[in-house]
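> The listed protein sequences derive, respectively, from chains U and H. This note's numbering numbers the first residue of the first sequence as 1 and each following residue consecutively. This note's numbering numbers the first residue of the second sequence as 1001 and each following residue consecutively.
Hints were generated in silico from the structure; no laboratory data involved. Certain hints may be false.
[As the list claims (entries may be wrong)] Straight-line C-alpha distance at most 30 angstroms; calculated DSS-like pairs for lysine-lysine:
1) U:Lys57 x H:Lys1097
2) U:Lys14 x U:Lys57
3) U:Lys71 x H:Lys1045
4) U:Lys57 x U:Lys11
5) H:Lys1042 x U:Lys71
6) H:Lys1045 x H:Lys1002
7) H:Lys1042 x U:Lys57
8) H:Lys1109 x H:Lys1079
9) H:Lys1042 x H:Lys1079
10) U:Lys11 x H:Lys1045
11) H:Lys1097 x H:Lys1042
12) H:Lys1045 x H:Lys1109
13) U:Lys11 x H:Lys1097
14) U:Lys57 x U:Lys71
15) H:Lys1042 x U:Lys14
16) H:Lys1042 x U:Lys11
17) U:Lys71 x H:Lys1097
18) H:Lys1109 x H:Lys1042
19) H:Lys1045 x U:Lys57
20) H:Lys1079 x H:Lys1045
21) H:Lys1045 x H:Lys1097
22) H:Lys1002 x U:Lys57
23) U:Lys11 x U:Lys71
24) H:Lys1042 x H:Lys1002
25) H:Lys1097 x H:Lys1002
[Said to hold, decoys possible] Covered by chain H, per the in silico footprint, the following chain U stretches (three or more residues, Cβ under 8 angstroms):
26) 40-47
27) 91-102
28) 106-114
Glycine residues also receive a C-beta, built at the ideal position from the N, C-alpha and C atoms.
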Amino acid sequence: DTGVSQDPRHKITKRGQNVTFRCDPISEHNRLYWYRQTLGQGPEFLTYFQNEAQLEKSRLLSDRFSAERPKGSFSTLEIQRTEQGDSAMYLCASSPGTSVTDTQYFGPGTRLTVL
Amino acid sequence: RKEVEQDPGPFNVPEGATVAFNCTYSNSASQSFFWYRQDCRKEPKLLMSVYSSGNEDGRFTAQLNRASQYISLLIRDSKLSDSATYLCVVTGTGGFKTIFGAGTRLFVKA
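Make a model of the complete structure from these sequences and hints.
Here it is as structure tokens:
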């Protein structure tokens, strides 16, 4: 399967702990997005990368959140000092990165539960 | 005001019905428009792109009105398998930031 993969699929953590999620995009896709989705809402944009450059971050992304894509391939999203409000599905998507009309292909997501 | 707003739903329709979803967006500089479909507890998947000239894919027709900043999706001859959440998506509002609507839930009943 050459789709977008995310790891882990589920994460349960205690408030105050740090967590890190990984996303492997479709091979040769230059653009990579992170979203957060809560029940009954659409995916909420967090940030995106063009190759290894992080080009935009949502104002919703507090200082506790950081994302990297060091070699322009896989990406990690870290949440420090987790809070119960961080409980959500974290989705990663990739696109070829050649046009604003590119289709985004989503991974299965990482479901985070903060106790 | 939300950047992308959709009919709240849910829509409950019988098989064979025609159903239409509406979406409005606030940023006139938006460049690209899409409808995605999301099944329960699954990731979103592209249903179709939306063009100013309107486009059709089988039973699905999408329309864009840039002047009114309005997007629509029409589903004809609804099938049970069409039951899902339909997400209106706008991108290019600044760089490649992508904004999703909250989604409209559709239930198609036998």
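> Evaluate each hint against the coordinates.
Hint check results:
For the suggested pair lysine 57 (chain U) and lysine 1097 (chain H), the alpha carbons sit about 9 angstroms apart, so the restraint of at most 30 angstroms is met. Note on lysine 14 (chain U) and lysine 57 (chain U): the hinted pairing holds, with a Cα-Cα distance of about 26 angstroms set against a maximum of 30 angstroms. At roughly 27 angstroms between alpha-carbon atoms, lysine 71 (chain U) and lysine 1045 (chain H) fall within 30 angstroms of each other, so this suggested pair holds. A distance of roughly 23 angstroms separates the Cα atoms of lysine 57 (chain U) and lysine 11 (chain U); the hinted pair therefore holds under the 30 angstroms criterion.
For a cut-off of 30 angstroms, the pair hint linking lysine 1042 (chain H) to lysine 71 (chain U) stands: about 28 angstroms separates their Cα positions. A threshold of 30 angstroms between alpha carbons decides the hint, and for lysine 1045 (chain H) with lysine 1002 (chain H) the separation of about 22 angstroms falls inside it, so the pair holds. The suggested pairing of lysine 1042 (chain H) with lysine 57 (chain U) holds, with an alpha-carbon distance near 25 angstroms, which does not exceed 30 angstroms. Between lysine 1109 (chain H) and lysine 1079 (chain H) the CA atoms are separated by roughly 8 angstroms; this keeps the pair inside 30 angstroms, and the hint holds.
Using a Cα cut-off of 30 angstroms, the hinted pair lysine 1042 (chain H) and lysine 1079 (chain H) holds, with the two alpha carbons roughly 19 angstroms apart. For the hint linking lysine 11 (chain U) to lysine 1045 (chain H), the alpha-carbon distance of about 23 angstroms falls within 30 angstroms, and the restraint holds. In summary, the hint linking lysine 1097 (chain H) to lysine 1042 (chain H) is supported, as the alpha carbons are separated by about 22 angstroms, within the 30 angstroms threshold. Among the hinted pairs, lysine 1045 (chain H) with lysine 1109 (chain H) is consistent with the structure: their alpha-carbon atoms are about 22 angstroms apart, no more than 30 angstroms.
A C-alpha spacing of about 27 angstroms is found between lysine 11 (chain U) and lysine 1097 (chain H), which places the hinted pair at or below 30 angstroms, so the restraint holds. Between the alpha carbons of lysine 57 (chain U) and lysine 71 (chain U) the distance comes to roughly 19 angstroms, so the proposed pair stays at or under 30 angstroms and holds. The suggested pairing of lysine 1042 (chain H) with lysine 14 (chain U) holds, with an alpha-carbon distance near 25 angstroms, which does not exceed 30 angstroms. Distance restraint check for lysine 1042 (chain H) and lysine 11 (chain U): the Cα-Cα separation of roughly 17 angstroms lies within the 30 angstroms cut-off, and the hinted pair is therefore satisfied.
Using a Cα cut-off of 30 angstroms, the hinted pair lysine 71 (chain U) and lysine 1097 (chain H) holds, with the two alpha carbons roughly 21 angstroms apart. Restraint check: the Cα-Cα separation between lysine 1109 (chain H) and lysine 1042 (chain H) comes to about 21 angstroms, which is no more than 30 angstroms; the hinted pair holds. Taken as a hint, the lysine 1045 (chain H) and lysine 57 (chain U) pair is honoured in the structure, with Cα atoms around 23 angstroms apart against an allowance of 30 angstroms. With a C-alpha separation of about 18 angstroms, the suggested pair lysine 1079 (chain H) and lysine 1045 (chain H) falls inside the 30 angstroms cut-off, and the hint holds.
As the CA atoms of lysine 1045 (chain H) and lysine 1097 (chain H) are separated by approximately 17 angstroms, the hinted pair is consistent with the 30 angstroms bound. For a cut-off of 30 angstroms, the pair hint linking lysine 1002 (chain H) to lysine 57 (chain U) stands: about 18 angstroms separates their Cα positions. Distance check on the hinted pair: lysine 11 (chain U) and lysine 71 (chain U) sit about 25 angstroms apart at the alpha-carbon level, within 30 angstroms; holds. A C-alpha spacing of about 24 angstroms is found between lysine 1042 (chain H) and lysine 1002 (chain H), which places the hinted pair at or below 30 angstroms, so the restraint holds.
Restraint check for lysine 1097 (chain H) and lysine 1002 (chain H): satisfied, since their Cα atoms lie roughly 15 angstroms apart, inside the 30 angstroms limit. For the stretch 40-47 of chain U, the stated coverage by chain H is satisfied: 6 residues place a CB nearer than 8 angstroms to a CB of that chain, which reaches the threshold of 3. With a cut-off of 8 angstroms between beta carbons, the stretch 91-102 of chain U has 3 residues touching chain H; three or more are needed, and the interface restraint holds. Remark: the stretch 106-114 of chain U is confirmed as covered by chain H, as 4 of its residues place a Cβ nearer than 8 angstroms to a Cβ of that chain, reaching the required three.
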